[in-house]
Amino acid sequence: MQIDMKQPILDKNDALAAELRQRFADNHVFVLDLLASPGSGKTSTILATIDALRDEFNIAVIEGDIASSVDAEKIKAQGIAAVQINTGGACHLESAMIKRAVDVLDLERLDLIIVENVGNLVCPTDFDLGENAKVMILSVPEGDDKPLKYPGVFQVAEAVILNKVDTMPVFNFDRAAFDDAVGRLNPQAPIFPLSATSGEGVDAWTDWLAERIRAV
Amino acid sequence: MHELGIMTGVLEAATASAREAGATRLLKVTLSVGEMTEAIEDALVFSFEALVEGDPFTADAELEVRMISPRSRCLECGAEFEHDRFHMFCPECDGFCTELLAGRELQIDSIEVDLPDD
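Going down the list, the sequences are from chains A and B. Sequential numbering of the first sequence, starting at 1, is according to the UniProt record's numbering. Sequential numbering of the second sequence, starting at 1, is according to the UniProt record's numbering.
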């Protein structure tokens with residue numbers, strides 16, 4: 001006998017994500033899901049973002065890693081609330097993990113939660129976490145051809161941060177080719193070239209983000 | 001490689017529906033998977049085969065994956081067109097404001113089961 005199901009495979013995740021999205025909206029919290037490769041400068045970018053926005057907004061960070069609490073310690077050292085999620089090998093965060101992290105945060109007091117997803121350009125793109133926006137970081141040493149190899153992540157991102165622009169001369173990064181490839185995959189997404197460690201270009205990114213946060 | 005996690009969820013849902021219907025065995029699972037998702041057909045099949053093995057209820061089940069080609073509508077001129085993962089511009093007017101109509105599916109379409117009376 002055939003049984004029709006027509007059931008979305010990720011419906012549990014998506015239902016929980018919808019619940020979280022409502023909870024974030026009720027508390028006027030903007031949630032940013034940051035996607036990038038390992039070593040692209042996610043944590044440095046988060047620290048630079050915190051530095052620029054902490055006077056105006058109350059910020060917390062959810063750190064997703066396969067193991068360790070190295071990143072959460074760096075955030076906490078800045079006096080910012082950080083919750084570490086260890087996925088124990090899983091390649092992406094799911095909304096159930098976010099819920100557990102959110103449960104220990106004081107949502108009423110927060111304006112911005114930055115979720116640092118597991119370093120991976122593939123798997124996290126399929127999972128709704130209840131966020132307001134997914135943003136991706138590509139760093140210059142990874143190469144200008146990445147939009148061609150990992151189109152999915154460039155398509156779900158509402159903005160693309162190009163980090164480590166100070167290394168551009170060393171890595172032969174073709175900025176025009178990169179902009180063109182991103183533009184073809186996701187024409188509406190702004191590209192923010194910056195260096196999280198030197199601070200170059202960080203303003204344009206944090207101005208964009210601040211505007212979004214004020215709107216929720 | 002999140003196909004194992006995806007397939008674990010698929011089998012849980014399929015098994016629950018099958019048992020609810022009073023089935024004695026799960027025979028087949030049919031999925032629709034959009035090509036714009038990051039789920040790879042081979043990895044889905046591999047995960048399915050690895051997961052059904054342990055349980056007599058699912059051990060003989062087969063998997064059918066229907067891959068769905070991406071299709072979009074141009075918001076400028078209204079043209080509907082099929083495309084691949086990389087080229088979403090409108091082939092009629094070259095517009096880039098397009099709406100994805102199909103290609104991000106991750107759905108269990110149906111299952112086939114053995115009922116005691118079959």
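Hints were generated in silico from the structure; no laboratory data involved. For every residue, glycine included, the Cβ atom is placed at its ideal position computed from N, Cα and C. Mixed in with the good hints there might be a few duds.
Capping the alpha-carbon separation at 20 Å, the derived lysine to any residue pairs in SDA-like fashion look like this [what the hints assert, rightly or not]:
| hint | chain 1 | residue 1 | chain 2 | residue 2 |
| --- | --- | --- | --- | --- |
| 1 | A | K146 | A | N132 |
| 2 | B | K28 | B | F86 |
| 3 | A | K146 | B | I40 |
| 4 | A | K6 | B | E112 |
| 5 | A | K6 | B | T30 |
| 6 | A | K6 | B | T37 |
| 7 | A | K6 | B | E12 |
Listing some non-contacts, in silico: residues in chain A with all C-beta distances to chain B over 10 Å [as the list claims (entries may be wrong)]:
| hint | residue |
| --- | --- |
| 8 | P8 |
| 9 | A25 |
| 10 | V104 |
| 11 | E108 |
| 12 | L110 |
| 13 | T125 |
| 14 | K146 |
| 15 | P151 |
| 16 | G152 |
| 17 | Q155 |
| 18 | E158 |
| 19 | D166 |
| 20 | A176 |
| 21 | W208 |
| 22 | E211 |
| 23 | I213 |
So, partial list: chain B residues that the calculated Cβ filter (under 8 Å) puts toward chain A [to be verified]:
| hint | residue |
| --- | --- |
| 24 | A21 |
| 25 | T37 |
| 26 | A39 |
| 27 | L63 |
| 28 | R73 |
| 29 | L75 |
| 30 | C77 |
| 31 | L101 |
| 32 | Q107 |
| 33 | I111 |
Here is how each hint holds up against the structure:
1. A:K146 to A:N132: It is violated: about 24 Å lies between the C-alpha atoms, which goes past 20 Å.
2. B:K28 to B:F86: violated (33 Å)
3. A:K146 to B:I40: holds (19 Å)
4. A:K6 to B:E112: holds (13 Å)
5. A:K6 to B:T30: Holds. K6 (chain A) to T30 (chain B) sits at ~10 Å (cutoff 20 Å).
6. A:K6 to B:T37: holds (18 Å)
7. A:K6 to B:E12: holds (15 Å)
8. P8: violated (5 Å)
9. A25: holds (23 Å)
10. V104: V104 (chain A) clear of chain B: closest Cβ-Cβ about 24 Å, beyond 10 Å.
11. E108: holds (33 Å)
12. L110: holds (29 Å)
13. T125: Violated, because the least Cβ-Cβ distance between T125 (chain A) and chain B comes to about 6 Å, which does not exceed 10 Å.
14. K146: Non-interface label stands for K146 (chain A): nearest chain B Cβ at 13 Å, farther than 10 Å.
15. P151: violated (5 Å)
16. G152: Contrary to the label, G152 (chain A) does not stay out of reach of chain B, its closest Cβ about 5 Å off (not over 10 Å).
17. Q155: Violated, because the least Cβ-Cβ distance between Q155 (chain A) and chain B comes to about 7 Å, which does not exceed 10 Å.
18. E158: holds (15 Å)
19. D166: holds (30 Å)
20. A176: Non-interface label on A176 (chain A) holds, nearest chain B Cβ at 18 Å vs cutoff 10 Å.
21. W208: holds (20 Å)
22. E211: Correct as stated: the minimum Cβ-Cβ distance to chain B is 22 Å, above 10 Å.
23. I213: Check passes; 26 Å lies beyond 10 Å.
24. A21: holds (6 Å)
25. T37: holds (5 Å)
26. A39: Constraint on A39 (chain B) satisfied, holds at 7 Å.
27. L63: violated (13 Å)
28. R73: violated (15 Å)
29. L75: Since chain A brings no Cβ nearer than about 11 Å to L75 (chain B), farther than 8 Å, the hint is violated.
30. C77: violated (16 Å)
31. L101: This interface hint is violated because 15 Å lies over the 8 Å limit.
32. Q107: holds (5 Å)
33. I111: Cβ of I111 (chain B) sits 5 Å from chain A, so the hint holds.
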